[in-house]
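Let the hints inform the model, and build the full structure from the sequences given.
Number of protein chains: 2
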Amino acid sequence: MESYTRPQKQINPFPRNVQVPEHLKPRGTSGTKLLEIERSKASFSSHDMAVYIRGQETLDRQARLLDVIENEEAFDKSRLAYLGRTEKFNYGLRKEKRFVQLSQEKEWTQADMQMAEELIDLPAGFGLHKSMFLETLRSQTTEEQKKLFLEPALKFEIIGCYAQTELGHGSNVQGLETTATYDPETKEFIMHSPSLTASKWWAGGLGRTADHAVVMANLITQGKRRGIIPFLVPIRDPVTRKPLPGRIIGDIGPKIGYNSTDNGMMLLDNVRIPHVNMLARFSQVDPDTGNYIKPKKAQLSYGTMTFIRANIVKNAFVVIARAATVAVRYCAVRRQFTDRDAPQMDERAPAESQVLNYAMVQYRLFPVLVTALAFHFTGRQMYRDYEQNQANLAKGDMSLLAEIHASSCGLKSYATITAAEAIETCRRACAGHGFSSASGLGSQYCDFLPQVTWEGDSYMITQQCARHLFKVFRMIWFQEKGHDTEETVTTDYIRKYIKNVDAKCAVKYSGDFHNPQMLVDAFGHRAAYLIGTAVRKRDIEKRTWNSILVELYRVSMAHSQFLAVKNFADAIVNDEELAANPALHNILQSCFELFACYTMEQNASEFLSSGYLNSKQHELLRNKIDELLASMRPQAVPLVDAFAIPDYLLNSALGRYDGDVYPALVDFASREPLNAIDFNIDVRDDSSVVMNVPMAVSLGLAGDRPNSKL
Amino acid sequence: MESYTRPQKQINPFPRNVQVPEHLKPRGTSGTKLLEIERSKASFSSHDMAVYIRGQETLDRQARLLDVIENEEAFDKSRLAYLGRTEKFNYGLRKEKRFVQLSQEKEWTQADMQMAEELIDLPAGFGLHKSMFLETLRSQTTEEQKKLFLEPALKFEIIGCYAQTELGHGSNVQGLETTATYDPETKEFIMHSPSLTASKWWAGGLGRTADHAVVMANLITQGKRRGIIPFLVPIRDPVTRKPLPGRIIGDIGPKIGYNSTDNGMMLLDNVRIPHVNMLARFSQVDPDTGNYIKPKKAQLSYGTMTFIRANIVKNAFVVIARAATVAVRYCAVRRQFTDRDAPQMDERAPAESQVLNYAMVQYRLFPVLVTALAFHFTGRQMYRDYEQNQANLAKGDMSLLAEIHASSCGLKSYATITAAEAIETCRRACAGHGFSSASGLGSQYCDFLPQVTWEGDSYMITQQCARHLFKVFRMIWFQEKGHDTEETVTTDYIRKYIKNVDAKCAVKYSGDFHNPQMLVDAFGHRAAYLIGTAVRKRDIEKRTWNSILVELYRVSMAHSQFLAVKNFADAIVNDEELAANPALHNILQSCFELFACYTMEQNASEFLSSGYLNSKQHELLRNKIDELLASMRPQAVPLVDAFAIPDYLLNSALGRYDGDVYPALVDFASREPLNAIDFNIDVRDDSSVVMNVPMAVSLGLAGDRPNSKL
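Line by line, the protein sequences give chains S and H. Numbered according to our numbering, the first sequence terminates at residue 718, and the numbering increases by one at each position without gaps. Numbered according to our numbering, the second sequence terminates at residue 718, and the numbering increases by one at each position without gaps.
It should be emphasised that the hints constitute simulated quantities derived from the structure, not laboratory data. Note that the structure is predicted; figures quoted are calculated from it, not measured. Even for Gly, the Cβ is constructed at its ideal location relative to N, Cα and C. Some hints could be false.
As the list claims (entries may be wrong) - Computed, partial: chain S to chain H, Cβ under 8 Å:
no.	residue
1	Lys33
2	Leu158
3	Leu175
4	Ile264
5	Gln344
6	Glu360
7	Thr461
8	Val674
9	Ser678
10	Asp686
Unchecked claim - Footprint (simulated), chain S over chain H, 3 or more residues, beta carbon under 8 Å:
no.	stretch
11	90 to 97
12	314 to 321
13	384 to 396
14	454 to 467
15	666 to 677
Laid out in structure tokens, this is it:
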């Protein structure tokens, strides 16, 4: 059996507190049968598609890891939804430990670990140790420091976190208040938080877990500020677990999601650390004189950032695919109302229609499904660009850097905002049961939300994309008077636009919204039109930068959507692997058309306003979308199957591969610990004390605690 | 001091587990000072505006109730964010009991109780008893049944719930499976769940609280199905609290929000109830023969539904106003980055700009703020329409019914989808701290979400609005050949459109987007254009109803937005109270313009496609919005103050009236119970057991439990 068709295991679920007779089954055709029928209508092989999209290597890795992970009690998800904050944190910590043991035992590679984390999907106390802490110790240290700090960290003998953001200071690193003042007499740095807003804040793992922190602080030597530098600060006694003197540390309290992680705060009161604890690969302080030695060249962190953002876009594919899988399957199982126009066989108990048959549901879900694919192809291209750029940089060639950095900013913004919306769209399409934690979509949404804000706030970071596009636009404009510039997809669409600003869409029938190049050109024209408009406002109308921020956001979105359409189109037109499988090619052509047409329709005012699209064509576009939705209806379940998201990751009663939704919802309900308690509801009795139950149960814990390792 | 300017009390918060020195203050100008400066720039009196919008009576009631509520430990909100499911449910139950006691003691009116519930904002076990259960016992019972059931229910001697929805059946009442078969021999009804999907599901209070349930079931007498009828079914032993024989009952488990409520499930296994337990005001069953006596006339439930939906729209005002208050105040306190174009006084520590100064933040928040106002005026008009209609119905005049029902469906959809999005927009505008539970916005969002689904799924209910608009459109079309129809705002805009389908917007300068009637006409033209297009697809192209559901959704949205613009415009143009206060009129005129222009811009493709707006005007529209945002910047804080939402309801460290945000965030963090526990993080130690702490603390509960009533 494929790894993504197996039902989710439950290793140590809470006991059933409600006993439902076994003989009761759902009425009518079972969910399992309904999904079988859906799958029988596939016009292509879901397995072939899974191999094409995810790659055989990834599918093999997934199967191999699931065999291990699904059999580990520490990674079991069946209790998660019922846990309070402290229990959830503890559950997360237990997972972290087992993860370390297992990764050593099984000799997991970096790729294995990354996928295992994605599948287990439980952010916890070691998260920042394994990413930013180790990364900083790798990239910012001298050889001596690697021995001192990196080696024990790699063995988890010390656990670290990464403390940059402060209570009053978010993305703006230059606004940080924490100081590190060098004292040449004792050869120590004095780490200090001069105010309340200087408190380190949000750092994952800082709250309860870490014993060391990388602290970003203003280096001060010889009375002068030298810039923001990383320092390694011991923060907790590894034995007593109490904060060391001068450190005030705590978890920052419950959040909308991520409650299995201890995001923390820390105030430093003139804490002294040795000279060697300033991470000194790029900048140094002379121990005797306190002389500051500047970094030889600006750190090329753009490369790493583009890599992180490629990860975010690729992750957006998994995120959206997961939500779409749940919603599409459940809407194929769920039936509601009868079709107004359909004849009824049995007047007494008319057969209700599968919810997925309703055009409004299709209109909400299928664009989400195809957007997942667009981000898949875009993420893939971003990795290729990243690798090309790294190779170039190794040769001293920086010609791609600005373009890749700009596009990665725009795509990060576009992908995260779109993915968050997609999860919520899918959740609402599941109607009432979408609101239950059994859907798996609520926690997915809540845990995803930080991505919209971190690694560059998705509403503000668009400025970086637009700034580059401004430059390119101006350069091409001048080039016609003799300048020169690097050729990229961006220069290409801007050139086309400048050559023919009054270009018109040639569509005469809805069927004309078909040719990939035509759709790519349309998005290029619209992006260039918006860039040109915004440049005019800045350069000719002399508007302030601040007053055109909304324009810049639109420019960045238009550019990013162009890239997504372009990357998807490239696969359709140029991918030989795809061309060799006509069934796949055919359905992906439809998915591409829906993605491009839906995205165009959502932004139609800009295509209309530029004069590219006319009213008649706008109506044809809407008709085309209706046609595509209807034609994709029978392929929806096979398509989400092809995402190959295993039940273990879905963790959803609604999205199960086998469609056995209703018994799963009943099982979920029956295990609610609240059901073990009887409450006193007499309004004359002043206290709400619990009746008839032992205290342990009344405190929000299931009756089987003695057997639990929690 | 006004009730809405007082800081929130904390009666029994968890103890501080992290001690932060008192002398540490936020850097720079304090939040309190920043908000004072904001308030000093007001072009109008926030108090006058509060009186105008909320009404003096409402403000007085709020002050009177807050004096009581804020001093009740059972209504204290300071612990809520830290509680697990069971504790939260118990907290809710305690609130319910105290609420009943207090409402009797203080002789609260219906209006008092409604507002008190809104302020306490903790949905719990008695919620459905107080609404649907009592309402059903009032409206569906005989006099005998009122004595038997309603009287003890009013005294809370029995606690009920309302069980309609089933596991496999949501909004479609006709799809319910539960049967009530009459047995004339014993004069009993046999209540039965024939399958698993027949399980009652979602009913609030059913899970752990209620001892009685109104069960909607298929009445079967003499072997025939007679329709869906309400039955009163005893479900739990009031003393032992155990389910009575044949009832399988439980809480359905954790949800995304509403976890203080015990939404429940129930399966009935041939449960016999006496003849008198069928609620028999409209239909009866002859006890001896089992003859079924049909209701004399169809129940006029449309009236009640329009009232419920007017409540939802009015509630959308409070919901959006609350979120906007938090975000606007926090964005006035928070500073980040320096303005690119601004000169810097101190190069070493440049003054960061208030986040509210960024145009992108304004573009996200100010439209939310003015949309709250639009729903205020619209909710007010819906109540007026409802009362007019009730008066008409009493005279046998049903002429308004269809119009009011249709508009209430459309507005319910529009208001709930918009309000949900508004909360999330505000949360994201608070960036990182918006993700903390201390923001108050996450729980607000999660608790609001069910409104999008219940009382008619907001994506599907739009069909009811559109169906009526189709009828009106067709009637007017035919009337020109001799028919007649009732005159309403709808006929008015459709007539105008039909007279001049090629009407053009007359705007030449951005300043022309000013005249309320012009903006109302624009929205009327667009709505009628969409109705006409959809009618053509159905009537001429003979499209199936299902295939045009997306069009119907658009039609309903366009009509509802027309109503919102119209109701707001009516206040600006016709309200004498407003005209008498030029300062208020002036700012509300700007708010109206922003609401109308922003809503038009968000839907610009439809205004462009109809040919009403041209490209040049579209650009002017965008410029106009930029101008309005800049001009409203200094009025933003005074405007949210005017919503008069008290800190107690905001329950937000970020939204406090006094702007003292950072100490509040630190206080919130310091009380996290997790901070009382030290964890063993040694990866070689297999269990994640807790170190150094008593067991009670390790279970997610604060150390001060002995003093707590929880």
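Here is how each hint holds up against the structure:
no.	hint	in the structure
1	Lys33	holds, 6 Å
2	Leu158	violated, 17 Å
3	Leu175	holds, 6 Å
4	Ile264	holds, 3 Å
5	Gln344	holds, 5 Å
6	Glu360	holds, 6 Å
7	Thr461	holds, 5 Å
8	Val674	holds, 7 Å
9	Ser678	holds, 6 Å
10	Asp686	holds, 4 Å
11	90 to 97	holds (count 7)
12	314 to 321	violated (count 0)
13	384 to 396	violated (count 0)
14	454 to 467	holds (count 8)
15	666 to 677	holds (count 6)
Checked against the numbered hints above, the structure violates hints 2, 12 and 13; every other hint is satisfied.
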